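The listed protein sequences correspond, in order, to chains A and B.
For the first sequence, counting from 1, position 250 maps to 250 in full-length UniProt numbering; every step adds exactly one.
For the second sequence, counting from 1, position 128 maps to 128 in full-length UniProt numbering; every step adds exactly one.
Think of the hints as simulated: they come from the structure by calculation, not from any bench.
Just so you know, these numbers come straight off a predicted model, no measurement behind them.
Heads up, the beta-carbon is just placed ideally off N, CA and C, and yes, glycines get one too.
Selected chain B positions facing chain A (in silico; Cβ < 10 Å):
#  : residue
1  : Arg54
2  : His62
3  : Asp64
4  : Ile65
5  : Asn68
6  : Ala72
7  : Ala93
8  : Arg102
9  : Leu107
10 : Ala108
11 : Pro124
12 : Gly126
13 : Glu127
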Amino acid sequence: MGLTSTNPVFEGWRLLYKQTCKAFQTQSSLFPFCYCWESTAHSATMAKDMTLFWGSGSPPCWRVMIALEEKNLQGYNSKMLSFEKGEHKSKEVAAINPRGQLPAFKHGDVVLNESYGACIYLEEQFKSQGNKLAPDNKAESALMYQRMFEGLTLFQKLAQSLFYTRFVPENERHDSAQKRNTEELKAEVKLWEGYLQKTGPYLAGKSFTLADVIVFPVIAFLFRFGLNEEHFPKLAAYYNTVKDRPSIKNSWPPTWKDTPGQNALKDF
Amino acid sequence: MAKDMTLLWGSGSPPCWRVMIALEEKNLQGYNSKLLSFDKMEHKSQQVLDINPRGQVPSFKHGDIVVNESYAACFYLESQFKSQGTKLIPDGAEEQALMYQRMFEGLAFYDKLCAVIFYDYYVPEGERLDSALKRNKEALVTELKLWEGYLEKLGSGSYLAGKSVTLTDVVVFPTVATLFRFGLSAERYPKLGEYHALMKERPSVKASWPPHWLENPKGQDTLKDI
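Start from the sequences and build out the full structure, keeping to the hints where you can.
In C-alpha cells form, the structure reads like this:
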C-alpha cells in the first residue's frame, strides 16, 4: 500500500479532499496535508512517465538525477549504463539521443538530452513541487545563472586535463598541451575557491539553486580525483556540506561507493 | 532600465552578439554599448577586468548586477523582462523542452565551429596538426548535417525550435551567421541557408549586425569546401 492513485483508500481521501476544496471554493494550497498527498501522487505518476539513461560518475548525468530528486520525482525509470562497455552507443540510447551520449532523458514524448536543458526544464515544469531551485531575488538569480554557465568552463577544463588521453589521439599529444591544460584547470579551481570565499554557503548565496545542481557534481569529481581539502578549504567545506543533502546522497555514483578515488589532482 | 545597463562587446563575437540580440528583442535599446577591439587586446583591459575577472567579453552589468556568460545574460534578461518585448521562452512543455534541447546543443555547435575557424588562435604553432584540423572539419560537417535535419523536420519558414523565435534563435543564430560569414555554402546546406536569410531580416539582428561585417561585406572562405 502506498501513496499512489491506484490505492483505493488514498483514492477515497483524494475524492473527499477535492469535494471539500470545491465546497469551500478554495485553492488546494490551503489544505497542506491533503496537498502534500495530492502532489505526492501526482509526482509519482509524473515520474513513472520519465526515463533516464545514465552512467555512474558522469557529472552531466548526475545533475539530472539531483534535479529529479530535488523536485520529488523519485520513481522515474532509471537505467544505468556502462561507458566502458560502450553502452552509451547502443540502439536503446540512439533511439532517444542520436548523438549517442548520456544523459538521455525522456518525459512522455518530451526528450531532453542536454543536462542543463533537463535541469532547467524540470524546475520550470515542476516549479510548485519539491525544492525551489530558482530564486526570485534578482541578484541571486543573476548570480545563479552566472555560476551555472561558468560551470561549463570548469567542466571543460577538468575534462581537457583529466581526460587528455581519452580525447586526443596518441600521435597528436603534446606534453606542452597537457601541461597547459593542467595549469588552466588549476587556475580555474582557484577561481572557484575565491567565489566561495565571497559567497556562501551555496554557489549563488543563501539557497541551494540550479547552480549547485549543475556544478556540485563537477566539484565532487575534483575531490574524487584527489583535490586536496587543505589547499582548497572553501571548496572542501562546500563539498562536505552539500554531499549530505538527501538528493545528493540518493544519487551518489554507485561505482564510487566502495572504491577509492584517484590522485591526479593531489598536487594542486 | 536600459540606461542602467552596460555591455562591453567585440564585433563578430557570437557570445557578444547573443546578448545584443536579447537586449533588442526585450526592447532594451538604449543600453550603454561599448565596442572593444580584440586586435588591440581591449578585452583584457582594466575596464573589462573590473566587471569580468576572466578578461572576456561579453561583460554585462545591470546596476550592481554582473552577468558575463552570454547564455546566463540571455536567461537573466528573459526572466527579468518577461512581460516586455518578444516572449522568448514558450509556455508549452514540449515547446519549452525542444527549445532547451536545441539551445544547449548550440554549445556543441559553436565549439565545433570554433575548432575549425579559430584553430590557429586556440592551438599554439608547435602543436598544430593537419590531422587534427581535418578531424575538426569532419566533426563540424556531422554537426551541420544534424542541424539541417532539425530544420528539415520543422518545415520551411520555421525557427530553430518551432514556429516562433525563442532563446534558441537568440543564442544559435550568431553561430549560423558566422558559418556563412566564413564561406559556408548555402547550396550544400539549404535549410541553414533559408534560416539565415529569414533571421537576417529580423530587426534585432539587423540592429546588432557586426559593424566590421558591414564595413567589409566579403567574409572569408575557410568553410566553402565543407
